[in-house]
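A.B. asks: If you want the building blocks of each chain, they are given just below.
There are 4 protein chains.
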Amino acid sequence: MNFKPKFTNFKKKVEDSFNRQQFMELIGAKLVDVKPGYCEIQVPYDQTLTQQHGFFHAGIISTIADNAAGYAGFSLMEESSSVLTVEFKLNLLSPGDGELLIGKSNVLKNGRTLTICRSEIYIRKNGEEKLCAASQTTLIELKDRSDKNETA
Amino acid sequence: MNFKPKFTNFKKKVEDSFNRQQFMELIGAKLVDVKPGYCEIQVPYDQTLTQQHGFFHAGIISTIADNAAGYAGFSLMEESSSVLTVEFKLNLLSPGDGELLIGKSNVLKNGRTLTICRSEIYIRKNGEEKLCAASQTTLIELKDRSDKNETA
Amino acid sequence: MNFKPKFTNFKKKVEDSFNRQQFMELIGAKLVDVKPGYCEIQVPYDQTLTQQHGFFHAGIISTIADNAAGYAGFSLMEESSSVLTVEFKLNLLSPGDGELLIGKSNVLKNGRTLTICRSEIYIRKNGEEKLCAASQTTLIELKDRSDKNETA
Amino acid sequence: MNFKPKFTNFKKKVEDSFNRQQFMELIGAKLVDVKPGYCEIQVPYDQTLTQQHGFFHAGIISTIADNAAGYAGFSLMEESSSVLTVEFKLNLLSPGDGELLIGKSNVLKNGRTLTICRSEIYIRKNGEEKLCAASQTTLIELKDRSDKNETA
Numbered sequence: 002m003n004f005k006p007k008f009t010n011f012k013k014k015v016e017d018s019f020n021r022q023q024f025m026e027l028i029g030a031k032l033v034d035v036k037p038g039y040c041e042i043q044v045p046y047d048q049t050l051t052q053q054h055g056f057f058h059a060g061i062i063s064t065i066a067d068n069a070a071g072y073a074g075f076s077l078m079e080e081s082s083s084v085l086t087v088e089f090k091l092n093l094l095s096p097g098d099g100e101l102l103i104g105k106s107n108v109l110k111n112g113r114t115l116t117i118c119r120s121e122i123y124i125r126k127n128g129e130e131k132l133c134a135a136s137q138t139t140l141i142e143l144k145d146r147s148d149k150n151e152t153a
Numbered sequence: 002m003n004f005k006p007k008f009t010n011f012k013k014k015v016e017d018s019f020n021r022q023q024f025m026e027l028i029g030a031k032l033v034d035v036k037p038g039y040c041e042i043q044v045p046y047d048q049t050l051t052q053q054h055g056f057f058h059a060g061i062i063s064t065i066a067d068n069a070a071g072y073a074g075f076s077l078m079e080e081s082s083s084v085l086t087v088e089f090k091l092n093l094l095s096p097g098d099g100e101l102l103i104g105k106s107n108v109l110k111n112g113r114t115l116t117i118c119r120s121e122i123y124i125r126k127n128g129e130e131k132l133c134a135a136s137q138t139t140l141i142e143l144k145d146r147s148d149k150n151e152t153a
Numbered sequence: 002m003n004f005k006p007k008f009t010n011f012k013k014k015v016e017d018s019f020n021r022q023q024f025m026e027l028i029g030a031k032l033v034d035v036k037p038g039y040c041e042i043q044v045p046y047d048q049t050l051t052q053q054h055g056f057f058h059a060g061i062i063s064t065i066a067d068n069a070a071g072y073a074g075f076s077l078m079e080e081s082s083s084v085l086t087v088e089f090k091l092n093l094l095s096p097g098d099g100e101l102l103i104g105k106s107n108v109l110k111n112g113r114t115l116t117i118c119r120s121e122i123y124i125r126k127n128g129e130e131k132l133c134a135a136s137q138t139t140l141i142e143l144k145d146r147s148d149k150n151e152t153a
Numbered sequence: 002m003n004f005k006p007k008f009t010n011f012k013k014k015v016e017d018s019f020n021r022q023q024f025m026e027l028i029g030a031k032l033v034d035v036k037p038g039y040c041e042i043q044v045p046y047d048q049t050l051t052q053q054h055g056f057f058h059a060g061i062i063s064t065i066a067d068n069a070a071g072y073a074g075f076s077l078m079e080e081s082s083s084v085l086t087v088e089f090k091l092n093l094l095s096p097g098d099g100e101l102l103i104g105k106s107n108v109l110k111n112g113r114t115l116t117i118c119r120s121e122i123y124i125r126k127n128g129e130e131k132l133c134a135a136s137q138t139t140l141i142e143l144k145d146r147s148d149k150n151e152t153a
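Residue numbers (our numbering), protein chains in the order written: chain A, 2 to 153; chain B, 2 to 153; chain C, 2 to 153; chain D, 2 to 153.
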């Protein structure tokens, strides 16, 4: 689909928001690409991110799925809006066994209040990428609401 | 519901598995309670766990929802089984604005292959608890599969 | 939870809306109970409602889950509002093998714009009820929107 | 994706199963296309299928989403297997306002026990098709289980 952003600097607004999320720094997540209605986030493997078998924890996979969707949707919202995840559903298709987690999300519908996204999370191992998880997310646009902590 | 565990040391098995998840250590998660078909996990607030407004990141909330469900289900499985999350769906009901995140999960159905759980995640602020998120999870029991990294 | 309806005749409004749904008549569904934040719908078995094994079709089960949630939420909305289902997720726990399908839904959170419900669908066979399905639903309240077909 | 069916007559097996579902006849659903890992089902508009505004009821939309996914997955299963829906999640994107409902489903992953599908449901009005709903479904393959009612 071909989406049109509502203001010129949508990309910088997404990057600023991402950079304010300290949890992204903790897990080493990188915002790799932002286009109107699209977002890609990557997380390199680290032992601190693992579950009991030494693979990426499902919590990391769902974090990336949620965040990629959130920023894919945010890229299409008003300059003065904030975004919240209403809900998401995630299917885990293969173990997160590899050196890089890659989350890509596309907006399916950008409504006046709600935005729906679909995301795919891939795991790269020895140069090959495999579908690791798939999710579907509902976002809500909060008009005239700052994306920063107002009391900060 | 009243569930019966399949072996005596189910609680120790859950604790050992939880302790092997390095991601739980990274985010400061504590396994607070395990009963047959029930699990509770808590995460104290830390700035490294936040989203752009300074609240608990949705990724932390979904991590706790997923893990509480996983171990609620695991408590009812065979001693020689491992557990995987098939999928889950999470509704975010209130911002994670508080000093402690509390995830509680109950098994709804413990089938031969699949186990279904419902979880509630509460946020405690100034001593008061508020429902922050609610999820529904499908788990699969992998018979005769080690819960450890076999190559380690 | 203890919810307060926003106007006296909420029950009649729910009944009128239910009665305008011709699909409820086709499948023989009955609105059995409406309270603030709660709704119960029943469907007696009929061969025309079956899947390949002769049990209630999953489509009937999801219809009842969706409608019970929709009207549980609708019972708490403004007199001048209409309701739409944003999304729902349904786990099928046991085959719909029985003589009566019973769907019960409770509001989990009634927000200004969105309302979240949880539903349980039971199957009654030889007088015994068994949990057949469980769902979680997001509804949106459309303010100042008629619940009738305006062009009718 | 390019899936290979496990036996020659997979299409006839899907058709036979569909034809045993009396609920499909009640709502006038037609099995339009079956390929390995793909299924399309259509339902022409009828007043008996409507919700309170006179549009297709969400129950019909979810029925089509569920059934298209079930048969997309069934097309890849063993000849002696039966299929059950474990769970699905459906986002309703636009009102079902039109003359034909078109459900298309594709298998995302066909595992040994579980199969995951994504479905899109379109509504056709005055010759134009619009995305009406999107879902994600988990199926389970029951090996050596008849797809018919064994007591019949």
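These are calculated hints, taken from the structure and not from any lab test.
Be aware that one or more of the hints could be misleading.
One copy or any two copies: either way a pair holds, since identical chains are not told apart in the list.
What the hints assert, rightly or not - Calculated pairs, DSSO-like style, for lysine-lysine (alpha carbon to alpha carbon, straight line, at most 30 Å): (1) K12 <-> K110; (2) K110 <-> K126; (3) K36 <-> K7; (4) K126 <-> K149; (5) K13 <-> K36; (6) K144 <-> K131; (7) K144 <-> K126.
In this text, all values refer to a predicted model and were calculated from it rather than measured experimentally.
A.B. asks: Would you list, in rising numerical order, the hints stated earlier that this structure does not obey?
C.D. replies: No numbers; nothing is violated.
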